[in-house]
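Peer 1: Each chain, written out:
There are 2 protein chains.
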Amino acid sequence: MTDVLEKKSRRGGGRAARVAARAAALPEDMRPIRAGMEGGTLKVLSEAQVAQIHEAALKALETIGLADAPQSGIDLMVGVGAIFGTDGRLRFPRQVVEDALGKAARNITLMGRDPVHDMELSGTKVHYGTAGAAVHVVDSATNSYRESTAQDLHDAARIMQALDNVHFFQRPMVCRDVLDNLEMDMNSIYASVSGTTKHIGMSFSDPTHVAPCMDLIHMLAGGEEAWRARPFISNSNCFVVPPMKFATESCETMENCIRAGMPVLLLSAGMSGATAPSTIAGAVMQATAECLAGLVYVNALSPGYPAIFGTWPFGLDLRTGAMCLGSGEQALLSSACAQMHQFYGLPGGAAGGASDSKMPDMQAGWEQMCSNVMAGLSGLNLVYEAAGMHASLLGFCLDSLVLADDLIGQAMRCVRGIEVNEETLALDQMAEVCLGGNGHYLGTDKTLALMQRDFVYPTLGNRMSPKEWDENQKPDLIVNARARKEKILAEGRCLVTPDLDRRVREKYAMYFES
Amino acid sequence: MTDVLEKKSRRGGGRAARVAARAAALPEDMRPIRAGMEGGTLKVLSEAQVAQIHEAALKALETIGLADAPQSGIDLMVGVGAIFGTDGRLRFPRQVVEDALGKAARNITLMGRDPVHDMELSGTKVHYGTAGAAVHVVDSATNSYRESTAQDLHDAARIMQALDNVHFFQRPMVCRDVLDNLEMDMNSIYASVSGTTKHIGMSFSDPTHVAPCMDLIHMLAGGEEAWRARPFISNSNCFVVPPMKFATESCETMENCIRAGMPVLLLSAGMSGATAPSTIAGAVMQATAECLAGLVYVNALSPGYPAIFGTWPFGLDLRTGAMCLGSGEQALLSSACAQMHQFYGLPGGAAGGASDSKMPDMQAGWEQMCSNVMAGLSGLNLVYEAAGMHASLLGFCLDSLVLADDLIGQAMRCVRGIEVNEETLALDQMAEVCLGGNGHYLGTDKTLALMQRDFVYPTLGNRMSPKEWDENQKPDLIVNARARKEKILAEGRCLVTPDLDRRVREKYAMYFES
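Taken in sequence, the protein lines are chains A and B. Residues in the first sequence are numbered from 1 upward in steps of one, following our numbering. Residues in the second sequence are numbered from 1 upward in steps of one, following our numbering.
All copies of an identical chain are treated as equivalent in the list; a pair is satisfied when it fits inside any one copy or across any two copies.
Derived lysine to any residue pairs resembling SDA-like cross-links, with alpha carbons at most 20 Å apart:
#1 LYS474 / ALA141
#2 LYS103 / ARG259
#3 LYS59 / ARG94
#4 LYS59 / ILE83
#5 LYS59 / LYS245
Honestly, the hints are just simulated from the structure, not real lab data. In this text, all values refer to a predicted model and were calculated from it rather than measured experimentally.
Please build the complete structure, drawing on both the sequences and the hints.
Peer 2: Here's what the structure looks like:
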């Protein structure tokens with residue numbers, strides 16, 4: 001094999017032409033990968049197992065139910081048939097859940113400010129994005145952590161805007177330098193909107209913040225009507241405190257978001273072994289039950305309202321009680337969730353791609369790929385936390401975010417899968433090469449035509465031979481990631497007009513430069 | 001989520017007990033992962049696509065056939081119905097292939113020198129191991145490459161012997177310091193056998209080497225009878241030069257191996273876009289056709305002889321003509337091959353887990369995981385090149401080999417999948433926790449019982465919080481990998497008796513210390 005390789009690298013002739021061909025930008029429909037490709041080749045659960053989990057979730061809703069709903073939620077859910085018990089728990093007869101499933105929105109579109117970034121959530125269509133509430137930003141240059149700021153969040157938005165393979169921007173880290181919580185929400189919104197035209201996810205910290213935040217959002221959208229026509233921000237609602245309790249305030253926030261026309265993410269973030277069963281089946285079942293309760297809630301308030309089924313069970317290291325997101329167990333949890341979403345035919349999301357490693361090292365690489373590729377192969381509509389996330393969600397790394405473009409691009413190539421037809425089977429070509437040709441496929445018209453359409457080339461991933469690598473001063477992955485980050489930040493521009501930017505900053509205190 | 005995390009890490013109480021429980025060694029049947037677990041949840045090809053590939057392969061064998069068989073092979077294959085054409089190509093009517101499939105060995109066992117390492121190759125049972133012919137060893141400490149030696153090969157064998165999740169040792173690198181080719185084969189055998197009791201793979205460079213190498217192997221096995229009863233070495237035969245040509249000398253080597261009782265790997269290593277079609281379907285189809293021809297050959301010589309269906313199509317970077325193993329395309333190629341093996345019910349192997357990166361960095365992590373986990377999920381019996389392989393097969397890294405234990409362990413956890421039953425659904429436990437208990441699952445008997453049986457814990461992968469990590473002087477993954485490597489090498493011992501070692505070294509020139 002080595003011999004063959006060496007022979008190939010001596011060819012040389014056509015290489016410059018091929019490199020040039022590759023450098024030309026591809027029209028969208030010729031790109032080898034794009035947002036919303038369909039997965040579904042991985043099924044970590046059998047159909048029977050999916051049905052078992054569904055049945056157990058229904059039973060849990062019927063017999064255990066959920067505590068701590070706000071009065072408004074109790075009224076809404078009792079109004080559609082839920083039973084409020086003397087123990088303060090809302091229980092859901094099977095028919096109530098089935099009615100909600102009948103009404104629930106399917107095939108929803110999460111919009112970008114630029115429609116080119118709209119995401120259709122149906123079937124097994126896959127999208128990758130950021131998410132989380134990291135409190136640190138990871139500095140690979142100094143091998144250290146520091147508190148994340150509004151500027152970091154804005155920089156993250158600007159960077160992901162430049163990355164083809166990161167499709168949405170749910171706020172990945174908290175602006176720790178903004179001490180007032182309402183100001184923090186405002187800064188999170190504007191740091192994101194001024195940095196990216198892709199779909200944005202927020203997580204309002206208080207029900208009373210929704211109205212003032214909507215004022216800012218309307219201003220950014222060009223008025224309430226324009227906002228309601230194309231809502232480009234969704235809200236992540238941690239509407240339950242697992243196991244099986246509604247998060248009272250978050251439910252109120254959710255109600256306010258729905259009234260404001262903002263799509264909601266019904267987020268159940270149980271920790272397997274702590275706030276959810278330690279078994280994968282049990283954790284998925286509990287998250288499913290909780291999100292079904294959320295679905296009843298949303299559809300009682302507004303039938304058919306766009307809601308994302310957010311079963312996000314997290315892994316835990318049972319030796320220490322610490323969260324761990326980079327494990328194989330986590331990849332299985334999120335993959336199984338994707339199948340539950342598909343069983344219900346609901347738009348769904350879960351966590352994938354986060355690492356437990358503190359730095360963008362080899363561990364980060366294997367952990368981020370494991371759950372990212374498995375979630376994608378499972379056809380998860382929204383893979384949250386897919387890029388840049390370290391230290392079991394505590395740290396967000398901009399250098400790692402840049403590298404996620406390659407990592408997720410590779411995962412997406414796997415999601416795209418294999419086309420089998422007369423052309424790709426290439427029997428005619430084989431006959432030509434073997435019986436009449438020069439004995440190899442290099443440089444045939446067919447091979448060159450497919451070079452761009454079928455192959456994903458990494459931007460920073462290095463494919464040089466050891467000799468080339470040595471002659472090129474041994475390029476370092478992380479150093480190059482930092483250089484690309486700096487280049488993007490230097491070239492990026494504020495994605496709202498100067499006039500709007502001025503008006504926003506006159507009205508609100510912003511803690512970052514755009 | 002951060003709040004919950006911080007609360008948990010303050011618990012402290014049971015942690016020491018849990019860490020101690022974890023430290024106790026587990027009986028084999030309690031281990032969360034083990035060699036030979038069944039995959040098969042990933043199907044990158046539909047059943048119809050598998051059938052299309054099969055039909056195209058049969059047609060290729062019937063109409064294009066293979067050139068360059070040695071006379072012995074022509075005689076054997078014509079004897080079972082193949083047609084030798086005036087163009088020098090052997091063509092295979094469908095019935096000839098079906099007859100071979102009818103006779104072919106299934107459910108074979110590749111043996112270790114220690115029977116505890118025997119590998120049953122059937123169905124979707126998955127095993128990971130090394131392989132390749134790297135010409136460099138990668139030194140992460142100096143960020144450099146140097147030529148690989150017999151000592152490196154022996155060290156690699158000793159290291160992998162200590163790694164639970166690396167199941168077999170096909171020779172991953174070439175002893176560049178042994179200039180005589182027969183001596184190199186001898187050194188490769190003894191460097192491996194004296195370092196590991198797991199199954200070993202060789203790749204003899206010349207048909208005339210088989211007899212003298214068997215003398216050494218008989219000596220190591222305790223005589224020919226003992227060898228034939230438990231052959232613990234298989235030979236990797238690159239029996240074809242793709243596209244569709246037999247490799248004359250390698251075929252003769254293969255015949256000699258079969259007569260010597262050594263299981264053979266029918267290895268077709270086409271490069272997609274160069275020596276195989278650039279499409280995934282085409283490359284898999286061609287490899288399938290070539291290996292079917294090999295199957296006819298083997299079963300014509302010795303019906304039912306143990307042979308591994310080695311469809312190893314490799315990826316190529318079409319821009320440069322360089323091999324690339326770390327791509328998503330590669331993961332799809334090997335996953336599709338696993339399905340072809342299962343379609344035929346034959347023991348099979350393909351390449352997974354090799355990286356294009358020169359060093360054990362983040363790129364290496366994501367590339368190694370991508371194809372390793374997908375190959376495993378696809379139920380590939382033998383994932384070759386799964387550990388330690390860099391620079392598109394040109395470099396082998398002992399530090400990376402050590403880390404592969406964690407990386408493959410995680411992939412294996414995903415292969416194991418999800419158990420769904422009354423116990424794992426945990427409805428009773430949920431009722432207890434929610435309705436009567438303290439509201440969480442931590443420390444329940446059920447949770448603790450599953451802590452070891454269901455969870456895979458990394459050895460070097462770091463799950464500390466940023467605070468702990470800082471307090472522990474920021475442990476570095478690669479530094480720790482090197483430390484583990486040194487510890488294994490310091491503690492390892494020669495795995496043949498001192499007497500046998502002395503006799504071997506008296507008879508043969510060995511270029512390494514054991």
